[in-house]
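Undergrad: One letter stands for each residue in the lines below.
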Amino acid sequence: MAQSPVDISTLRDLVASTDMAFVQELIEAFLEDGREQIAAMRQSLASGDVLVFQRAAHSLKSSSASIGALEFSELAKELEMLAKQANLPAAPEKLEQIASTFPTVEQALQAFQHGS
Amino acid sequence: MDRRHAAESGRLLVVDDNKVNRLLLGRGLEQHGHSVEFAENGLQALEMLRKGGFDLVLLDIMMPELDGYQVLEQLTTEPDLRDIPVIMTSANDELDSVVRCIEMGAEDFLVKPPNPVLLKARIGASLEKKRLRDQQRQLIRRFATPEVAEELLANGFELGGKFVDASAMFSDIRGFTSIAESQSPTDTIELLNTYYTLMFDAISGQGGTVNQMVGDGLMAIFGAPVPHTDHPLRAVRAALEMVELVQLFNQGQSAQGKAPIQIGIGIASGRVIAGFTGTQSRATYTCVGDTVNLAARLEAHTKVLGHPILIDENTWQGLGGEIPATEQEAAQLRGKSAAVRVFAVPLPTASPEPQGPR
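Chain order of the listed sequences is P and D. Take 7 as the starting number for the first sequence in the working numbering and just add one per residue. Take 41 as the starting number for the second sequence in the working numbering and just add one per residue.
Next up, chain D with everything else stripped away, as it sits in the complex (with noise of 0.2 Å):
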């Protein structure tokens, strides 16, 4: 990385009830190159600050009608401004008052008047944390749901791969070349986003994050990167969604004379490989292993099987009986030497019309 970037200049809130203050603060910093702009109460601050655009704030302490502490405190329960650093300003005898915002959420801090060096110094680490976190929260943005990313950048994670354990589910639409091939290109990319959006709602509804989409297959994970221990239950819960939304859209499919489709879904759990891969423009949360290869092989094999939902043992023993599963034959399946429990997840009695004889 640059580090020029640190001398990158931005849009900075000074915050202070005393004149003389802000003339101080607002010259040194239009003198490194940043824009000011001034509020003079906690109250002001607030307002202008949802307004947007901000970088940074400087903070002073005692003011009237919002002191500094309440506009801290404030400013960690929007999440639109919690991650705008806060620099304190101060006097020299209120570093106890300083150490409280810190521990409230303040980046740093600086005595009034500040050493221009300081200043300087400070505004830049400050600004280019920033800037990192924001490279960092577009990123998460570009593979997670809304919920995901939110719950990512609020407990954090880890960039870098690591063992996790989770469940990997596939899913793909039965006989989807054929279904393509009977109707027009533009049915079939408008069928295409249906069914996607569909499948999100299921699985982000469930914690899940979708990291894969290929042609009309995706592939998911629960359990990671937000962690959830019940991920097999979640995934399973999942699945049986999908399976449902799949035949609501169905009976739209039929009152429309368009044909119906039908997904196969594998789900395996255990111990996978999992992280951030790709480049500055484009990045995924991928996970590798025999865990997500089971997965798939499962998915496969729910066309030998007819059944739409098959899963791995850990995944039924994760189910602790919540959801009933039966044991199928065991299959020999590619890539797996021995033979690997299959379970079978029945979908719950469907509705209580009768559908007549298959």
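Pulled out of the complex, with its shape left as it was, chain P reads as follows (with noise of 0.2 Å):
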């Protein structure tokens, strides 16, 4: 892996400008909506609701980005794209990237909870 899952002094900075047990909070809050969005996702595409996929998409990509993971909110943010243009078959491959993104981010955000 060349780069961190989760840009580390975009969530100092939040610390900075508020405090540690808000980022915690914020955090959770992330962690629980990815899992909710990306079932989401899974559920849309497979009931070929585009509207639902793209809001998903959309929610997922401004979130993580608020957090600092920008990897995995630019993988959103192309999913939304493809909902955008209709184009549900290009989809499921990189929704299974992004599924197996999560979980890396997951353990950064983690890390950072526990390191500091």
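Source of the hints: derived by calculation from the structure; they are not laboratory data. Among the hints, a few may not be true.
Said to hold, decoys possible - Derived CB-CB ranges, DEER-like:
#	chain 1	residue 1	chain 2	residue 2	range
1	D	Asn-132	P	Ala-52	22 to 32 Å
2	D	Asp-120	P	Ser-23	27 to 37 Å
3	D	Asp-120	P	Arg-48	37 to 47 Å
Claimed, not checked - Stretch by stretch, here's where chain D covers chain P in the computed footprint (C-beta under 8 Å, at least three residues):
#	stretch
4	22 to 30
5	63 to 77
6	88 to 95
Just so it is clear, CB atoms sit at the ideal spot from N, CA and C, and this is done for glycine as well.
Got two chains here, each in a separate frame; can you build the complex from them with the hints?
TA: Rendered as structure tokens:
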């Protein structure tokens, strides 16, 4: 892995402008939301509901960017684009990519929570 | 004005389906001293807004149930909600959507996650604008009828004096002083209140605005601040209705053994200087100028001619024959060097049953 899945300086800035307890809460919210949105994307892909798929990708894009998961956010953005273009056939591969990236983001966030 | 008002705190609603965004926005706003509530979708947001009390909304665009566009659209249709400023919160790659929202009435936008300095500045500016708008709204409510106020608030108007083409009306009760002396003070005030209620109804029913009440007299203006090109017609229609309402009122008076009242109305049309005057606590829409003076003189002249409604030449022309008026002898009015053409508006042939010889 060339790059950390989470940009630590984004998290440090957040802690500096708020406090650690708040950032913990934010991370918990992101992890819970991330699991839900990935499940929602799988489900909507199966049922062909483009709008729900797009909304889930959009939501993940912005929340992951907020906590510094930049690469993950980029993948979510690509998924959102596919949905916008109604190009769902191209989505499963990318969806599996984002689903497998999620645990690495989770680990990095947990390392940050316990490490600082 | 004190610019420090911009730092005032407000009650804000954050609408976003994503919890991370809600937490981040809420935290930033609370740090600036605002109280923050949250809605997870557009439907919930509207329900909360309808309960009232919010100063500003931060609105996400893409949401389940009702999205940001639908919320904006709904806000503009509800009079109680359409003045609440809305700031769109968006991702940095959806600026085209933001443009659409601003065209739909949103006031500003913020890119998520928001930069704290921008967040503070944009919220502060929006709250300050809302405060000024609320102040203006209160000012309007103080002098205008609810209908006129609504129309003004919806269509906008200019503060500051300007020339407008309008019809000015003066009306008062004949021999009011002797009526007041012949009855109890309670009866007199009750009489005045009933009288004013009736006159206001007739005037605002024709889109006019009452801008002065002194004792038993009142002044009204048609064609401003709400523009109506047919203001002479509206003023004369209102005058006819006023006289008719007084006749009805008199039937009630005589049934109670009380004295009937008579009113005199003068109307003149033309250029007037109009604008808002007053102080912070009391404001009024005022019209001044020759046209206004002429209306006052015509009202006084009704006593001379014994006719309840007198109008000037401009008003008569403005009627375009739609309401008949008969020319009277030209009058030498105070403040006028030349004699002035005067027209009387006859009352529509009243009730079918004859009133008996006068």
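Undergrad: Taking the beta carbons of D:Asp-120 and P:Arg-48, is their distance inside 37 to 47 Å?
TA: Given a distance of about 42 Å, which is inside 37 to 47 Å, the answer is holds.
Undergrad: Three residues or more, CB to CB closer than 8 Å: is that satisfied between the stretch 88 to 95 of chain P and chain D?
TA: Violated - the stretch 88 to 95 of chain P has 0 residues with a Cβ nearer than 8 Å to chain D, which falls short of three.
Undergrad: Between the beta carbons of D:Asp-120 and P:Ser-23, is the distance compatible with 27 to 37 Å?
TA: 36 Å, holds
Undergrad: Against the range 22 to 32 Å, how does the distance between the Cβ atoms of D:Asn-132 and P:Ala-52 compare: consistent or not?
TA: The hint (22 to 32 Å, Cβ to Cβ) holds, given that D:Asn-132 and P:Ala-52 are roughly 31 Å apart.
Undergrad: Mind checking, does the stretch 63 to 77 of chain P have 3 or more residues with a CB under 8 Å from chain D?
TA: With 8 residues in contact (Cβ-Cβ under 8 Å with chain D), the coverage given for the stretch 63 to 77 of chain P holds.
Undergrad: For the stretch 22 to 30 of chain P, do at least 3 residues have a Cβ located nearer than 8 Å to some Cβ of chain D?
TA: holds (count 3)
Consistency note: the structure conflicts with earlier hint 6 alone.
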